[in-house]
Amino acid sequence: MKILFLLQDIPFPATEGIRLKAYSLIKYLAKSHECHVLSLGDSDQERINKFVIEIPQVKLIGVAANKVSTLRLLCRKIYNILHGMPPSFATYQSKAFEDLLQKALNETEYDVVHYDIINMAQYFRCAPNIPSVHSPNDATSLSYIGKAEQETAFLSVSRFRYLISAFFMRVYEKKYYEKFSVVHVVSPIDEEYLNRLNPRITVRVAPIIVDNKYFITEAHRKKYRNGSHKMITIVGDLAIQGIVNGLIEFVEVTLPAIQNKHPTVTFRVLGRNASPKIKNYLRERPNLEFFEWVDDFIDFLLATGVVVIPDKAGTGIKNRVLQAMAMGLPVVGTPRAFEGIDMENNVHGMIRSTPAEFCEAILQLLSSDAARRQIGDAANLLIRNKYSEDVAGDMFQKIYEQAVRGRSTGAVSTGKPSLVLY
Numbered sequence: 089m090k091i092l093f094l095l096q097d098i099p100f101p102a103t104e105g106i107r108l109k110a111y112s113l114i115k116y117l118a119k120s121h122e123c124h125v126l127s128l129g130d131s132d133q134e135r136i137n138k139f140v141i142e143i144p145q146v147k148l149i150g151v152a153a154n155k156v157s158t159l160r161l162l163c164r165k166i167y168n169i170l171h172g173m174p175p176s177f178a179t180y181q182s183k184a185f186e187d188l189l190q191k192a193l194n195e196t197e198y199d200v201v202h203y204d205i206i207n208m209a210q211y212f213r214c215a216p217n218i219p220s221v222h223s224p225n226d227a228t229s230l231s232y233i234g235k236a237e238q239e240t241a242f243l244s245v246s247r248f249r250y251l252i253s254a255f256f257m258r259v260y261e262k263k264y265y266e267k268f269s270v271v272h273v274v275s276p277i278d279e280e281y282l283n284r285l286n287p288r289i290t291v292r293v294a295p296i297i298v299d300n301k302y303f304i305t306e307a308h309r310k311k312y313r314n315g316s317h318k319m320i321t322i323v324g325d326l327a328i329q330g331i332v333n334g335l336i337e338f339v340e341v342t343l344p345a346i347q348n349k350h351p352t353v354t355f356r357v358l359g360r361n362a363s364p365k366i367k368n369y370l371r372e373r374p375n376l377e378f379f380e381w382v383d384d385f386i387d388f389l390l391a392t393g394v395v396v397i398p399d400k401a402g403t404g405i406k407n408r409v410l411q412a413m414a415m416g417l418p419v420v421g422t423p424r425a426f427e428g429i430d431m432e433n434n435v436h437g438m439i440r441s442t443p444a445e446f447c448e449a450i451l452q453l454l455s456s457d458a459a460r461r462q463i464g465d466a467a468n469l470l471i472r473n474k475y476s477e478d479v480a481g482d483m484f485q486k487i488y489e490q491a492v493r494g495r496s497t498g499a500v501s502t503g504k505p506s507l508v509l510y
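Per this note's numbering, the sequence shown starts with residue 89, numbered consecutively.
Just so you know, these hints were derived from the structure itself, not from any lab.
Honestly, I wouldn't trust all of these hints.
Claimed, not checked - In silico EDC-like links for lysine to aspartate or glutamate, alpha-carbon gap of 16 Å or less:
1) LYS119 with ASP299
2) LYS400 with GLU237
3) LYS147 with GLU197
4) LYS262 with GLU279
5) LYS262 with GLU280
6) LYS301 with ASP387
7) LYS147 with GLU195
8) LYS301 with ASP384
9) LYS365 with GLU380
10) LYS400 with GLU337
11) LYS90 with GLU489
12) LYS90 with ASP199
13) LYS474 with ASP430
14) LYS318 with GLU377
15) LYS349 with GLU445
16) LYS90 with GLU122
17) LYS138 with ASP97
18) LYS183 with ASP130
19) LYS155 with ASP132
20) LYS486 with ASP199
21) LYS119 with ASP478
22) LYS400 with ASP325
23) LYS301 with ASP478
24) LYS155 with ASP130
25) LYS474 with ASP299
26) LYS90 with GLU197
27) LYS155 with GLU186
28) LYS365 with ASP325
29) LYS301 with GLU477
30) LYS147 with GLU122
31) LYS301 with GLU142
32) LYS119 with ASP482
33) LYS367 with ASP325
Quick caveat, the model's predicted, so the values are computed rather than measured.
With these hints in hand, go ahead and build the complete structure from the sequences.
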């Protein structure tokens with residue numbers, strides 16, 4: 089197949105969810121298919137060059153800048169809202185990108201076009217007759233509803249912004265998702281939500297692909313086992329309020345109870361995108377090490393005894409949970425943390441809801457090498473069997489094959505799903 093990927097950012101370095109999904113997917117498909125990439129984003133030539141070096145089979149068509157003035161961006165958002173479109177589309181509207189896209193479509197006959205994340209779906213109007221895979225990962229409106237619920241102030245600007253975005257995302261999903269050959273999500277929960285929203289949407293589920301580098305050798309794991317049982321680590325994007333809320337509850341309620349039983353335990357937080365307020369809060373806490381960035385994520389995480397994911401909100405599969413499980417580490421998390429992962433509680437990980445339940449589970453793991461190893465080994469095997477490149481990658485390949493075979497409706501849409509104001 090010839091596949092054209094339309095991305096909102098160059099997927100390298102693969103340090104966060106959106107980049108990581110696209111990077112792993114393209115890396116897998118490029119082994120047996122001709123993959124072309126057209127991306128929005130900055131003109132960081134070093135980053136672009138490294139992406140091409142990492143996956144040399146890929147043809148990078150171009151990278152189009154999408155920077156505009158604050159006033160122009162505001163005008164675009166207002167225009168989109170007045171026309172019933174998600175306001176976030178405004179950030180990703182680019183005449184330069186569309187010109188590159190039209191040129192690529194004129195020069196090459198593609199079997200399928202991949203529209204990554206909801207903000208790229210607006211470019212469907214440029215290729216309505218070509219089989220299409222739209223991969224928003226989550227039901228985006230459902231994700232925004234969850235974010236709104238995590239805002240502590242009921243009348244906050246952020247809460248209002250999330251609810252407005254959720255409304256317009258839901259309108260868009262309901263009206264336009266049926267036009268795509270296939271819509272891909274990573275979780276059955278998102279699949280069910282979109283099917284209820286509009287039964288005519290062809291939704292398929294495929295999990296995030298876990299890079300083989302996370303399936304580390306036993307010798308590498310043994311290197312860190314001495315002393316690691318005394319360390320707890322939390323990882324997450326601290327720009328997400330649902331993650332922040334769970335972290336703060338853990339720090340203020342669960343951690344003191346654990347430290348009463350294990351005074352020597354070390355607690356670390358690896359959190360990017362934290363606000364100055366959250367950074368100060370974490371740095372002022374006793375017995376807590378805060379990191380905004382580490383050069384070697386695998387070595388950093390391997391040095392821990394228990395990984396804790398106390399997320400209060402979020403949809404779809406969490407990359408950081410899959411990665412920790414692949415590395416053979418025991419993970420204790422909320423139901424939201426394990427959402428979408430086909431795992432058995434207390435076998436592949438420990439699902440807990442309250443601070444008391446978290447405390448009990450973590451104390452159990454901290455006091456038993458055998459318990460940590462048993463859950464870690466089971467988690468590693470689960471991810472190998474269900475989320476590795478060969479397994480999850482093959483599921484993605486079948487999605488593209490279905491799109492090429494034809495939409496379930498048997499017809500190709502010629503509708504235009506969005507307007508663009510340059």
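Against the structure, the hints:
1. Our distance criterion of 16 Å between C-alpha atoms is met by LYS119 and ASP299, whose separation comes to about 14 Å.
2. For the given pair, LYS400 sits about 10 Å from GLU237 by alpha-carbon distance, which is consistent with the 16 Å threshold.
3. Distance check on the hinted pair: LYS147 and GLU197 sit about 14 Å apart at the alpha-carbon level, within 16 Å; holds.
4. The hinted pair formed by LYS262 and GLU279 meets the criterion: a straight-line CA distance of about 13 Å does not exceed 16 Å.
5. At most 16 Å may separate the alpha-carbon atoms for a hinted pair to count; LYS262 and GLU280 meet this at roughly 13 Å.
6. About 12 Å separates the Cα atoms of LYS301 and ASP387, which keeps this hinted pair within 16 Å; it holds.
7. Between LYS147 and GLU195, the direct Cα distance comes to roughly 14 Å. Compliance with the 16 Å bound is thereby established for this hinted pair.
8. A C-alpha spacing of about 12 Å is found between LYS301 and ASP384, which places the hinted pair at or below 16 Å, so the restraint holds.
9. For the given pair, LYS365 sits about 14 Å from GLU380 by alpha-carbon distance, which is consistent with the 16 Å threshold.
10. Distance check on the hinted pair: LYS400 and GLU337 sit about 10 Å apart at the alpha-carbon level, within 16 Å; holds.
11. Distance check on the hinted pair: LYS90 and GLU489 sit about 11 Å apart at the alpha-carbon level, within 16 Å; holds.
12. Distance restraint check for LYS90 and ASP199: the Cα-Cα separation of roughly 5 Å lies within the 16 Å cut-off, and the hinted pair is therefore satisfied.
13. A hinted pair counts as satisfied when its Cα atoms are at most 16 Å apart, and LYS474 with ASP430 qualifies at roughly 8 Å.
14. The suggested pairing of LYS318 with GLU377 holds, with an alpha-carbon distance near 14 Å, which does not exceed 16 Å.
15. Restraint check: the Cα-Cα separation between LYS349 and GLU445 comes to about 15 Å, which is no more than 16 Å; the hinted pair holds.
16. Between LYS90 and GLU122 the alpha-carbon distance is near 5 Å, which keeps this suggested pair within the 16 Å criterion.
17. Taken as a hint, the LYS138 and ASP97 pair is honoured in the structure, with Cα atoms around 14 Å apart against an allowance of 16 Å.
18. With a C-alpha separation of about 15 Å, the suggested pairing of LYS183 with ASP130 holds against the 16 Å cut-off.
19. Of the supplied pair hints, the one linking LYS155 and ASP132 holds, its CA atoms being roughly 13 Å apart against a limit of 16 Å.
20. Straight-line distance between C-alpha atoms of LYS486 and ASP199 comes to about 14 Å, which keeps the hinted pair within the 16 Å bound.
21. Restraint check for LYS119 and ASP478: the C-alpha separation of about 11 Å stays at or below 16 Å, so the hint holds.
22. This hinted pair checks out: LYS400 and ASP325 have alpha carbons roughly 13 Å apart, not beyond 16 Å.
23. At roughly 13 Å between alpha-carbon atoms, LYS301 and ASP478 fall within 16 Å of each other, so this suggested pair holds.
24. Between LYS155 and ASP130 the CA atoms are separated by roughly 8 Å; this keeps the pair inside 16 Å, and the hint holds.
25. Among the hinted pairs, LYS474 with ASP299 is consistent with the structure: their alpha-carbon atoms are about 12 Å apart, no more than 16 Å.
26. Under the criterion of a C-alpha separation no larger than 16 Å, the hint pairing LYS90 with GLU197 is consistent with the structure, at around 8 Å.
27. Taking the CA atoms of LYS155 and GLU186, the gap is near 15 Å; set against the 16 Å cutoff, the hint holds.
28. Proximity of LYS365 to ASP325 is assessed by CA-CA distance (about 15 Å); at most 16 Å being required, the pair is judged to hold.
29. Between LYS301 and GLU477 the alpha-carbon distance is near 10 Å, which keeps this suggested pair within the 16 Å criterion.
30. A distance of roughly 8 Å separates the Cα atoms of LYS147 and GLU122; the hinted pair therefore holds under the 16 Å criterion.
31. For the hint linking LYS301 to GLU142, the alpha-carbon distance of about 14 Å falls within 16 Å, and the restraint holds.
32. A distance of roughly 12 Å separates the Cα atoms of LYS119 and ASP482; the hinted pair therefore holds under the 16 Å criterion.
33. Proximity of LYS367 to ASP325 is assessed by CA-CA distance (about 12 Å); at most 16 Å being required, the pair is judged to hold.
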